[in-house]
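The primary structure of each chain is shown beneath.
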Amino acid sequence: MTAASQDAPAPVPGPSSQRPSQTDIAEQQYSTHVSLRHRLAERGIDRTLLLAVPGVVAIIALFCYPFLYGLQLSFQPKTGGVFGAYKAFFDDPYARGSIGKTFDLAIPASLINVGASVPISYRMRREFRGKRILLALLVVPITLGTVLTAEGLLEYLGPVGWFNKTLQLLHLTSGPVQLVNNYWGVLFSLVITGFPFAFLLTHAYLSGIHPSLEAAAATLGAGSWQRMRHITLPLLLPGLLTTFCLTFVLAFAVFPSAQLVGDPAGQTHVISIEAVHDALEEFNYPLGSAVAMIMTALMLAVIGIAMGLRSRLYKGSTGGKG
Amino acid sequence: MAAVTDLRPRPDAGAHFAELRLTGVGRSFGGVAALRPLDLTIRGGEFVALLGPSGCGKSTALNCLAGLLPLSSGSIELDGRRIDGLPPEKRGFGMVFQNYALFPHLTARANIAFGLKMRKVPKTELERRVSLALQMTRLTEHAHKHPGQLSGGQQQRVAIARAVVIEPPLVLMDEPLSNLDAALRLEMRTEIRRIHQELKLTTVYVTHDQEEALSLADRLVVLRDGKVSQIGTPAELYERPASAYVAGFMGYRNILRLPLGDLAAETPEQDPAPAVAAIRPEDLDIVGSTETAPADSLTLDGVVLVVEYHGREYLAQVEVADGRRLYVRTSQRPAPGERVTLAAPRSRVLLFPDESGAS
Amino acid sequence: MSVLTREPSPAAAPSDQVSAPRGRSLIARPGTWLVWAVVAFFFLNLLGLIATVVLDSFGKTWFGGWLPQGMTTGWYSEAWSEFDLAQVLTATAQIVLWVLAISLVLGVPAAYALARRDFPGKRIVMLLFVLPIVVPPMAYGIPMATLLYKFHLAGTLSGVIAANLVPSIPFVVFTMTPFIEQIDPKLEAAARMCGAPTRTVFTRILTPLLLPGMLAAGILVLVRTFGMFELTFLTSGPTSQTLIVALYYAVFSAGIRAQQSIDAMAVIYTGSMLVLLLIALRFVNPTQLVARSADRD
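Protein chains in written order, with our numbering: chain A, 1 to 322; chain B, 1001 to 1359; chain C, 2001 to 2297.
Mixed in with the good hints, there may be bad ones.
[Claimed, not checked] In silico DSS-like pairs for lysine-lysine, Cα to Cα no more than 30 Å straight-line:
(1) B:K1200 <-> B:K1145
(2) B:K1120 <-> B:K1145
(3) C:K2150 <-> A:K87
(4) B:K1090 <-> B:K1120
(5) B:K1227 <-> B:K1123
(6) C:K2122 <-> C:K2186
(7) C:K2150 <-> A:K78
(8) A:K165 <-> C:K2060
(9) B:K1200 <-> B:K1117
[Claimed, not checked] Per the computed footprint, the stretches of chain C lying under chain A, defined by three or more beta-carbons under 8 Å from a beta-carbon of chain A, are:
(10) 2038-2047
(11) 2079-2091
(12) 2166-2175
(13) 2242-2250
(14) 2259-2270
[Unchecked claim] Interface residues of chain B toward chain A, partial, derived using beta-carbon atoms under 8 Å:
(15) P1088
(16) F1093
(17) G1094
(18) N1099
(19) F1103
(20) P1104
(21) F1114
(22) I1166
To be clear, the hints were calculated from the coordinates, so they are not data collected in a lab. These figures come from a predicted structure and were not determined experimentally. Note that the Cβ used here is the ideal one computed from N, Cα and C, for glycine as well.
Required output: the full structure, derived from the provided sequences and hints.
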């Protein structure tokens, strides 16, 4: 049986079909005799992929479609032409001012959260008794969420709340300090819910740096600071930038705390409040969608810068633990 | 003894010392004694191997020497000055880790230069020494690569170069070859020996491989469960192991309880009473059916179970009368199932008091 | 590949590792004290704000002293009827359980396919699953609310469930993937060699092994959906609110309703959440409760 090289591409054979002469077949003819199914399987495509289809379809239908619909809608305002909605937003100083107010909250909050997480997780990088309990306690504010934190802060930081009382007791201030219904309440809220998140991420990245690297640096004469500066920090930096991005995204989208414990019509009129107001209160859906898109674009810009910085750093394996 | 604050040798100082003395060095953690008090004196330029299975305390001892683990008891003195209070960065010892611990974000060259950089060695001197180290470990063309781009053997060499370039008084090696495949391991073993001969740096080497220890070390310390079993030169340990445990490490693969053949069981008058016999597979011979065993041999009858081909000879597993099995190296090929007589010169059958581990 | 000394690690205490070298451990350096002080300050404030809410909910009145004057449980029954908590909790339970069920059904098979196969376009699919977790709900929630309004689903239970599926399905996928990767594919091969058809491989080999992972993922979805504010806020109506959204609206009514009953509601929320959290922490470690998209470096 010689190679039937003039045949049409072989039909998909069953597993039992024998091709005893395959070894005779010349290289370029071989491919026509390997079934399509096998060729696909080699590239990772087979029936198993069907399992992923429902999930993918759900995401496309529930996420991509609404998002694209919103994007399209933002270019279809009732008045003002294609960019009418965007123009309306940027023409209104109160509306466009929300961008600045949001950054004013998000950047400091993120810097505090990520900044504090570094020395604290560095000190906690080894195992110690009760570490797991500590980590579990840190999860509490994240799971309780922004609404509860804001609600609690309203009273706790209020003029007659415990915080102010303690400040006066310690003679740090003479009268109650205004910490709610303004910028500070929201900042507090963002730190309480954001710091544990940043900490857990930073801690995870730090744990990924094998302890033997620091031990090796020590045997080579590097003291505490030098180890941090030459070994730990360079290896941690890519992870830190990622943590910053994720923390920033959460802070930039701040909403309930800006409403509850902030000054939603003034100091803390953040961009999400603007968007909700337009969409759900004014029922101006094109404008609401436009603001949502602007919000997304701004976030992507910041993430882009951070990731750009990150790509210039070493990002490879840091040894891992064992 | 006056404590010193900084042991790092100045760039011009020689790296040799006369004596490193460990006295009663022990470490306990959580109620478990990982290392019982160890007394050991290491002479300058010596290559000492710490040998033992996992958990025997050898790595603990090494890490205590490095300053990575604090001592629970005892002291370490370098030429009479106590150093066990110094943190690792002040001891100035070079260390090669089992997983190499190469800094992944630095090139091979930068890795090697790191120790010199920490010691603020001037730039030209630094470059010179790093280049020499690269040459010595034959890594010059890989100097610009990151550890991730190097093979296992190359990473190993970088780790070694990094430890020796600072010309430390002591080089510590923690099972540096265990992550390499067999062929590379043999090659690197020779490399380590060559570097030791060239630089004459005092080395403490931890391993569980007795072959490695025997071939590299000037002296061996065999450890078990945190305690020292024996200290001696390879020849001393090979010829006169102090216990059945050490014998097991030195290739005395057949460790059997008495009575064995015509060797009597323990007689209560002897103290400590011998209870265990150790015989090397090489010292056992298969006596042909037409031959007689040499005079003054211990003879045992048995049946051949399994035969392994080892190139120049065979390794046979033979089951003797009471169901126990012995390993025999022989140049004639026995057949499985064959009835044989084994003979070993009595002088090569070592007797030891009772210790757990005998079959 | 570990430099950890091979010592028998004592059962109770952390094992004697050669970790990063300690400083002079006898005298804790000022840096350490500072770090612990900051951590303590953080927890003190956290405790303070929770305690304020709890105490207030049990206090008869609280006019500004350190503690409320008098104790009562009356606010809870008032909150229950005023805020119609029975209905809210029912709606919450329905939403959360439906989201849990659907996201597991859709997410676990998808995770399996992604873990076991490398196919062209896999990166796009991975990106597709990462986006809903990384993009904040507010950004896609508003267009989604618009759409739901168009389809007359705004304010309905189904709308809220659909909205909450968006972050939950990817979350299940990313939580399950390491579990699946842990299961040696050779197990499946071995089962086939023993003659098992695909369905049997799934039901008798994979599912039992995947159950712990599914449990973990399920609990995490439960906790997250229970506490997920923005999406439900944007898509719910008066009868389809979850407890957290009802609480939000309640706080706005602080002029009309007593602060104490609002706090009672908050305590009910906190209590339920802490119970769920305790159950979750039994099965997963704390870091997993945080978005796993961080691993996607």
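#### Entry: Proposed proximity, K2186 (chain C) with K2122 (chain C) (alpha carbon, max 30 Å)
This hinted pair holds, its Cα atoms lying about 22 Å apart.
### Task
Given the hint that K1120 (chain B) pairs with K1145 (chain B), test it: the Cα-Cα distance must not exceed 30 Å.
24 Å, holds
### Message
Does K2060 (chain C) sit within 30 Å of K165 (chain A), going by the straight-line distance between their CA atoms?
### Response
21 Å, holds
### Task
For the hint on F1114 (chain B), just tell me whether its beta-carbon gets within less than 8 Å of chain A.
5 Å, holds
### Query
Is the interface hint for F1103 (chain B) satisfied, with its Cβ closer than 8 Å to some Cβ of chain A?
6 Å, holds
### Message
What's the verdict on K2150 (chain C) and K78 (chain A), does the C-alpha distance respect the 30 Å limit or exceed it?
### Response
Given that 30 Å is the threshold and the Cα spacing comes to 16 Å, the pair holds.
### Task
Return the status of the interface hint for G1094 (chain B): holds when the least beta-carbon distance to chain A is below 8 Å, violated otherwise.
Since the shortest Cβ distance to chain A is 7 Å, the answer is holds.
### Query
Can we keep the P1088 (chain B) interface hint, with Cβ of chain A closer than 8 Å?
Holds: closest Cβ of chain A sits about 4 Å from P1088 (chain B), inside 8 Å.
### Message
Hint P1104 (chain B) vs chain A: min CB-CB distance below 8 Å?
### Response
6 Å, holds
### Query
Taking 30 Å as the top limit, are the C-alpha atoms of K1200 (chain B) and K1117 (chain B) close enough?
With a Cα-Cα distance of about 23 Å, the restraint between K1200 (chain B) and K1117 (chain B) holds, given a limit of 30 Å.
#### Entry: Proposed proximity, K1145 (chain B) with K1200 (chain B) (alpha carbon, max 30 Å)
Roughly 29 Å between the alpha carbons, so the hint for K1200 (chain B) and K1145 (chain B) holds.
### Message
Is the listed coverage of the region 2166-2175 of chain C by chain A valid when you require three or more residues with a beta carbon under 8 Å from a beta carbon of that chain?
### Response
Holds: 4 residues of the region 2166-2175 of chain C have a Cβ under 8 Å from chain A.
Going through the hint list in order, the structure does not satisfy hints 5 and 11.
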